[in-house]
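Given the sequences, and given the hints that come with them, work out the whole structure.
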Amino acid sequence: MQRVLMFLSNNYGNDPRVKGIVQTLARTRSVELLCFDRKNVLPKREKNGAVAVENARSPVSGPMGLLHFNLKLLVRGMRKKFDVVHANDFDSLVPAYILSVLRNKPLVYDCHEDYAVFAADNGLGVLAPLIRFLERLAARRASIIYAVNPRLTELGKEKSNAVLLWNARDAKDFSFTTSQRNSFLSRHKLKQNYYCLSGTLCRGRNIKQTLDWFAYNPKKTLVVAGRGELEPLAEHYASRHANIVFLGLLSLRESRLLESNAFALVAVYEPYGNNLAAGPPGKLFDAIASGVPILVGRSGIAETLVEETGCGLAVDSAESGLDSMTPVKRRELAANCVRAREKYSWKRQARVLEQTYPPAF
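Per the working numbering, the sequence shown starts with residue 1, numbered consecutively.
Mixed in with the good hints there might be a few duds.
[Unchecked claim] 25 Å max Cα-Cα, derived BS3-like pairs, lysine-lysine:
#1 K72 - K19
#2 K105 - K80
#3 K105 - K19
#4 K172 - K191
#5 K72 - K47
#6 K105 - K157
#7 K172 - K219
#8 K220 - K191
#9 K189 - K219
#10 K191 - K329
#11 K44 - K19
#12 K329 - K220
To be clear, the hints were calculated from the coordinates, so they are not data collected in a lab.
Take a look at the structure:
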């Protein structure tokens, strides 16, 4: 059986893309994950069938904590027996590349975002040339590159080794009984017909403007869930406006219950051509799988996919989206979500993964 050693700089349990890939690979392979327990709260080791998860901790946080984690990946990786080393995003790519060279094993790079642009968006543009250089170096070594959007497939242009693998979901992931849905609403003291803003609460996602729009529309309810640098802002608005509710960080299952009960999802990112605008938000695929329409900004691939599938509305602002999302329009868009499921499902992406994943040397 092929042995896959996978690196992830986050919590495996809350990453639907990585979870989908791991579960697909684990059907015919053994998979071992080395993950970064940023909050130092997870068990050091977990086992789930053919999947073993090892959660590494760091005594420091921020960039130094990530560097410490990468050193741990390299040291621990040298002790492991594996046939393929698989890096999830750039923040675990360098140790995976080194191990691939030292042990002469295939390298798989799952590119979740343009990390150089991400660094520039967060005031670290000085690192962008170095990130580009290291990524191109690893791309030449990689057996395959999986990209979450068409723009990122350009990384594999030199070797023609990049494959588009959408961040798709399956409808069964959002299949809950009426009792489970009602229990969730009761537990969090929510009423139906709310709008949902969930995920990473960071700059570039129009978080403040979205909160403002609902503050000005007290008859419409916004439920916010997630974590990030703008978490205190969401808490502040929730404390001042009865129609804004902040739930904090939820488990993946709870997040899906939140979304599946919503009137509509909100992911109106800023249209500045930055990292977020370049690819479709994962929430767009949540909308298709859950049958709950979405509001997205007029930017790039997100707008294109929404117009192609009819699963939501591409709007200039959440405010204009609130006016357009009538109950009749919502039913129409929800039906479009269901029709789009076959094309944009994880089941289809899993077939792509199985057909392109490299064999062991």
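Hints and how they fare:
1. K72 - K19: Judged against 25 Å, a Cα distance of about 22 Å means the pair holds.
2. K105 - K80: 12 Å, holds
3. K105 - K19: With Cα atoms ~23 Å apart, K105 and K19 stay inside 25 Å; holds.
4. K172 - K191: 24 Å, holds
5. K72 - K47: 20 Å, holds
6. K105 - K157: 22 Å, holds
7. K172 - K219: 32 Å, violated
8. K220 - K191: Given pair K220, K191 holds - Cα atoms ~11 Å apart, limit 25 Å.
9. K189 - K219: 17 Å, holds
10. K191 - K329: Status holds; Cα separation ~20 Å.
11. K44 - K19: 18 Å, holds
12. K329 - K220: Status holds; Cα separation ~16 Å.
Of the hints listed earlier, the one the structure fails to meet is number 7.
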